[in-house]
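Asks: Sequence lines, in order, name chains A and B.
End of the first sequence sits at 427 in the working numbering; the numbers just go up one at a time, nothing left out.
End of the second sequence sits at 423 in the working numbering; the numbers just go up one at a time, nothing left out.
If you are wondering where the hints come from, they were derived from the structure by calculation, not from laboratory data.
Treat each hint with caution, since some may be false.
[Said to hold, decoys possible] Capping the alpha-carbon separation at 20 angstroms, the derived lysine to aspartate or glutamate pairs in EDC-like fashion look like this:
| no. | chain 1 | residue 1 | chain 2 | residue 2 |
| --- | --- | --- | --- | --- |
| 1 | B | 350 | A | 133 |
| 2 | A | 136 | B | 136 |
| 3 | A | 134 | B | 297 |
| 4 | B | 416 | A | 142 |
| 5 | A | 330 | B | 136 |
| 6 | A | 30 | B | 361 |
| 7 | B | 296 | A | 133 |
| 8 | B | 145 | A | 151 |
| 9 | A | 211 | A | 2 |
[To be verified] Restraint-style ranges between C-beta atoms, simulated for each label pair:
| no. | chain 1 | residue 1 | chain 2 | residue 2 | range |
| --- | --- | --- | --- | --- | --- |
| 10 | A | 404 | B | 368 | 37 to 45 angstroms |
| 11 | A | 209 | B | 100 | 31 to 39 angstroms |
| 12 | B | 308 | A | 268 | 50 to 58 angstroms |
| 13 | B | 187 | A | 409 | 39 to 47 angstroms |
| 14 | B | 341 | A | 384 | 55 to 63 angstroms |
| 15 | B | 341 | A | 244 | 54 to 62 angstroms |
| 16 | A | 165 | B | 368 | 54 to 62 angstroms |
Just so we're clear, the structure is a prediction, and the values are computed from it rather than from any experiment.
Even for Gly, the Cβ is constructed at its ideal location relative to N, Cα and C.
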Amino acid sequence: MEKINLDNLGQDIYEFKMKNGLEVCLIPFKDKKNYYAILGTRYGSNDVEFEDMDGNKYKTPFGTAHFLEHKIFAQEDGEDPFAFFAKSGVNTNASTTFDNTRYYIWGVNDFKENLNYLLDFLLTPYFTSENVEKEKGIIKEEILMYEDNPEWALDDTMRKNLFYELPVKEKIAGDVPDIMQITKEDLYNAYNTFYHPSKMYLVIGGNIDIKETEKLLKKHEKLNHCPKEIEVKRKEYDEKDDVVLEYKELHMNIKVPKIRFSIKITKDKFKEFPDVKLNMYLGVIMSTLFGPTSLFKEKVTNESLTSGFYLEKNNFFNYLTLDITAESDKADILVEEIKKTYDNFKITKDDLERLKKVWIASEIRMIDSVEMTVDNIYSDLIMYNHVYTNRTEMIKSLNIKELNKIIKKLDLSNQSLVMILPKEKNM
Amino acid sequence: MKEKIIDLKYGKLHLIKTDKFRTFNIKVILKDELKKEDITKRNLLTDYLTLTTKKYKTRRELALRTEELYSLFLGASNNRVGNYLITRFNLSFLDPKYTEDNMLEESIGLLHEIIFNPNCKNNSFQEDLFKIIKKDLKTEIETLKENSQMYTNIKMLENMGGNKPYSYHGFGYLEDLENITPSSLYQYYKEFITKCDVDIYVCGDLDEERVTNIVKDKLNFKTIKKEKCCLYVGVDKARKRHQEIVEESNFSQSKLAIGCKLGELSEFRFKYAINIYNMILGGGFNSKFMQEIREKDSLAYYISSYVNKADNIMLIQSGISHKNYKKVVSSVKDIMKRMAKGEISDDEIKSAKVEYISILDEIYDNMENILEGFIVKNLMNLDDFETRRKMVNEVSKEDVIEVAKKMTIDTIYLLKGEDDGKD
């Protein structure tokens, strides 16, 4: 077990790998009553085609990972995990993304008992034709709920605009016809391939005892009776660097138009930079060009060009996307402003130093929250397969020379726009 | 955790000392009796105050200042609680031991600038900046319906409430917005700044004397005392037969909102049994609604209930397919009826109590929750955390049944979707 002091701010974290391959990260907080645990597997909506250790090839319907996330809560003895955790006032939930599925519990009571149970129920699948059929009505309602949401529509449409082959172009939950095809066999095939400790991560923070937690994990029967490590072959995709579509227009039940403006960037040219650094520098570019203290923001505020404006950065396989989401009744003018800003920019040393100060402050704030700390560490594991415990130092080391090197290599011409306009017969 | 209350000339200063966090959090709470026409004005006002000040004229200048102060967070929000309209100015910044010693003065100084030094000239706000926030608010009000569940809840409450305060939503109204001008808003500001009750909350690893002096110096309100009103809306009879309203829409999913009115209860039941009742009925993932309507009948992805004690009402919401509308409504009625007849297990009561207590315990882990915990306790005149922890255990099955008996459905609103699930 390795002990590391998180950013030298007086918060320890312990990392170790169990014999069965499970990566464990424990973060004991001195002053907290609560605890928060995430158990996740590197299996998400992207993993539609795969091959197991025995060479069996599988192709599952879109939305299988998300369906499995729902159905893992079914237990053979009929006990509902929600009810089990509720007995001690502990909450549980789960979520599925493109590249991972995570389950979490949070509360203040009976930590050991609840952690044991979390491991138990995730390691004992119980899928039947009947319970799979029954879930379809619930998931259908979930999909319909997202369908009415313009932000989801921007997101889903933009990924289709950007990617030719990568499975991220499909929706995480799938479409209603996809999920209607899902069978218990699909769930078992995916489960047996991906819900193995060697594909999983466990991150726990809060009011926990390190020694006792480690002991519990080493003694947990199901966790320690898995085959040692398993190999999975995931399908590889050839993806072209350009975008599929530069423009797509949708019509929805809205009053004010919404846009998503994205740039697709291949990471190939930036191999000399670790992924985490590349992400930080691109974050610097976005924040400086479009953040609260940018000249762009000042201009669009003063000219009332937008009533909502959000920045995001996403990593998909070997690609990065820079995404701007905005609400605007002068969307054409706004898009021109965005393009102009990307076309010609310079970031000064002062800009960079100011942003570094902001980021360091937010790192310090983060450690006040068990949930945020655990979430960040889990995200690091999924994104980089590594926990960065020295983020503050990394931020301090950002410099204008490296930044300019990246800017020079950066090709911002792979742009795509999705626009949602009000339906003619509306509301 | 205790608060130390210091009387200021114009209101109260609440100091909550804790060394568990690396931040300071300050909230200035201004409250007065709700008038419908104030809602829009108040929203516009706090938007203006946080956009521009005399010293920091533009949003960018203000943002640059917050960055200088180590990424300080400053915001304002308005909400209605019962008969009150409440404004919160919220400030959060790193504990000066991580930055510079004078950051306490400087940070509270910025709060002073926002509240007391608005960008005005000749008894009026600046026209050009005023236009920006007016347009933003107009868009916000116009886009309300894009969030179909929120819209459905608003429509349901409008229809249930008559002219009760809960029939007003907090976003504001276009007809009121049209009439507000830079000078009328400035007049409203002058009134607002003197007529509200003021409470200031400070939480962090603080030096009481120093903080008190800075607050006295920088946040010096000149409140004119006025008559107080009661926060609680009180008991109001439900319709003999509930009303059902269906509105057509072209959303995919239908949204359901059900409003219930709560009858007269003893003080103890009002304070404690309601919470236990709601947790069992529809308060969480493990509620009766979720078990029966989602897990057993696969009719919804979410269905929840929420009791608003200040308004003396309960709200039930869900996203459904319209073909299941009758089934879901009759299931809701049936579950509520069975609870009133005593279909509540000891385990359900026990779980709900544990949940109630663990929510209380978790308050201490998050500074925002600590502050809000004290604010809500003082506002609603609740027992302190320790008393609540003990008292909730006294809730019996009879108490919960009594709440169930007093809960009556008044209004059912369906925003009907097209439900083209393509299956």
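Asks: Compare the structure with each hint and give your call.
Replies: Going down the list of hints, with the structure as the test:
no., hint, verdict
1, B:350 with A:133, "33 angstroms, violated"
2, A:136 with B:136, "40 angstroms, violated"
3, A:134 with B:297, "8 angstroms, holds"
4, B:416 with A:142, "16 angstroms, holds"
5, A:330 with B:136, "13 angstroms, holds"
6, A:30 with B:361, "15 angstroms, holds"
7, B:296 with A:133, "12 angstroms, holds"
8, B:145 with A:151, "14 angstroms, holds"
9, A:211 with A:2, "13 angstroms, holds"
10, A:404 with B:368: 37 to 45 angstroms, "39 angstroms, holds"
11, A:209 with B:100: 31 to 39 angstroms, "37 angstroms, holds"
12, B:308 with A:268: 50 to 58 angstroms, "55 angstroms, holds"
13, B:187 with A:409: 39 to 47 angstroms, "57 angstroms, violated"
14, B:341 with A:384: 55 to 63 angstroms, "56 angstroms, holds"
15, B:341 with A:244: 54 to 62 angstroms, "59 angstroms, holds"
16, A:165 with B:368: 54 to 62 angstroms, "44 angstroms, violated"
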